[in-house]
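S.K.: Top line first, the protein sequences correspond to chains A and B. The first sequence begins at 7 in my numbering and counts up one residue at a time. The second sequence begins at 11 in my numbering and counts up one residue at a time.
Hints in this document: simulated from the structure, not taken from any laboratory. Keep in mind that the hints are not guaranteed to be accurate.
Derived Cβ-Cβ restraints for the label pairs, each shown as a range [stated by the list, open to error]:
1. A:Thr129 - B:Ala95: 28 to 38 Å
2. B:Asp77 - A:Lys52: 11 to 21 Å
3. A:Gln27 - B:Val125: 39 to 49 Å
4. A:Tyr108 - B:Leu94: 24 to 34 Å
5. B:Ser36 - A:Pro38: 45 to 55 Å
6. A:Thr129 - B:Val125: 33 to 43 Å
7. A:Glu106 - B:Asp77: 45 to 55 Å
8. A:Glu159 - B:Ser36: 47 to 57 Å
9. B:Thr51 - A:Pro148: 22 to 32 Å
10. A:Gln157 - B:Gln80: 24 to 34 Å
11. B:Ala73 - A:Gln27: 43 to 53 Å
Since we're looking at a predicted model, the values are computed, not measured. Cβ atoms here follow ideal geometry from the backbone N, Cα and C, with glycine treated the same way.
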Amino acid sequence: MLAVVGLLVFGLASKGSSRLQSGDTAPTASLPALEGDSRGSLVDYKGRWVLVNFWASWCLPCRAEAPALEEFQRRHGKSSFTVVGIDTQDLTDDAQAFVERYGLSYPQLRDGNGDTADEYGTTGVPENFLVDPAGKVRLVAPGPVDEEYLQKEVAPLLPGGGT
Amino acid sequence: MIRLLALIATALLVLAPAAAAEQPASLTEIEKQVMCPVCGTLLQLAESPQAQRERVFINRLIAEGKDEEQVKDALVAEYGDEVLALPPGSGFSLSAYVVPIVAFLIAVAALTVGVLRWRRGGSGGAGPRAAAGPSGEDADRLDADLARYDL
Numbered sequence: 007m008l009a010v011v012g013l014l015v016f017g018l019a020s021k022g023s024s025r026l027q028s029g030d031t032a033p034t035a036s037l038p039a040l041e042g043d044s045r046g047s048l049v050d051y052k053g054r055w056v057l058v059n060f061w062a063s064w065c066l067p068c069r070a071e072a073p074a075l076e077e078f079q080r081r082h083g084k085s086s087f088t089v090v091g092i093d094t095q096d097l098t099d100d101a102q103a104f105v106e107r108y109g110l111s112y113p114q115l116r117d118g119n120g121d122t123a124d125e126y127g128t129t130g131v132p133e134n135f136l137v138d139p140a141g142k143v144r145l146v147a148p149g150p151v152d153e154e155y156l157q158k159e160v161a162p163l164l165p166g167g168g169t
Numbered sequence: 011m012i013r014l015l016a017l018i019a020t021a022l023l024v025l026a027p028a029a030a031a032e033q034p035a036s037l038t039e040i041e042k043q044v045m046c047p048v049c050g051t052l053l054q055l056a057e058s059p060q061a062q063r064e065r066v067f068i069n070r071l072i073a074e075g076k077d078e079e080q081v082k083d084a085l086v087a088e089y090g091d092e093v094l095a096l097p098p099g100s101g102f103s104l105s106a107y108v109v110p111i112v113a114f115l116i117a118v119a120a121l122t123v124g125v126l127r128w129r130r131g132g133s134g135g136a137g138p139r140a141a142a143g144p145s146g147e148d149a150d151r152l153d154a155d156l157a158r159y160d161l
């Protein structure tokens, strides 16, 4: 009986995560890269600002925000900042086609089973988390972001105002 | 007769999965065995965009000649074990099969011990005691009454 109750508690505890808030430490799980055999993690970008973008190729709003993210990366992506895409609960081929279609140049990781999205407490895609150089979440944007949001909310936090 | 039936049942259990494995994979059958990870329901019941892509993926693998197990393996490679409606019989997922069996065995053992104690108690005097005979005046009166009816 105790074992059954324990299993229920474990199941609820492991599934009932809430969305990360500003000030929380961002998870640093290692994930496979969308292309190739390498792996990646937020640890690789320690000391940089990172906009973590959860997306999937089947998600229509993700298609809408992808060009804005790419434009922002081209304008601000340097040694102090990068966008990192995390493709979640998606098919590899579909995701790779998505990256090619929108010409996304920023790093892409794969979260096939959605565990990392769960760790961030996402409730869908897309969702964006701005993580500071110390690994703390500074901004949370549930839903798609656009150029206006990125310029008004994200850019001012970057070194030199992101210029 | 019972042995014969048991033999037939065993043969069916052994042969049925083998026969199923030889059948060509079908989307309809696979949909009943895998989940739509985003919806949290069987793929058979899901209509989300992710579910539609999953069906396209399955159909593509079937068209390539993959059998049911190969299709499910490919789905696991994409989405993880969670995509299987029935968890695999290894690792932590094994508990999904082991826990009910262990719970059943514990229940049977507890029931057996309880029944044995109850039966032992009934014959050994630990349980409800047999009624003691009357004593004193009651015994005398009982003897007198019985004597009156002694035919």
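S.K.: Give a verdict on every hint.
M.R.: Cross-check of the supplied hints:
no., hint, verdict
1, A:Thr129 - B:Ala95: 28 to 38 Å, "violated, 23 Å"
2, B:Asp77 - A:Lys52: 11 to 21 Å, "violated, 46 Å"
3, A:Gln27 - B:Val125: 39 to 49 Å, "violated, 56 Å"
4, A:Tyr108 - B:Leu94: 24 to 34 Å, "holds, 32 Å"
5, B:Ser36 - A:Pro38: 45 to 55 Å, "violated, 31 Å"
6, A:Thr129 - B:Val125: 33 to 43 Å, "violated, 51 Å"
7, A:Glu106 - B:Asp77: 45 to 55 Å, "violated, 31 Å"
8, A:Glu159 - B:Ser36: 47 to 57 Å, "holds, 49 Å"
9, B:Thr51 - A:Pro148: 22 to 32 Å, "holds, 23 Å"
10, A:Gln157 - B:Gln80: 24 to 34 Å, "violated, 48 Å"
11, B:Ala73 - A:Gln27: 43 to 53 Å, "holds, 46 Å"
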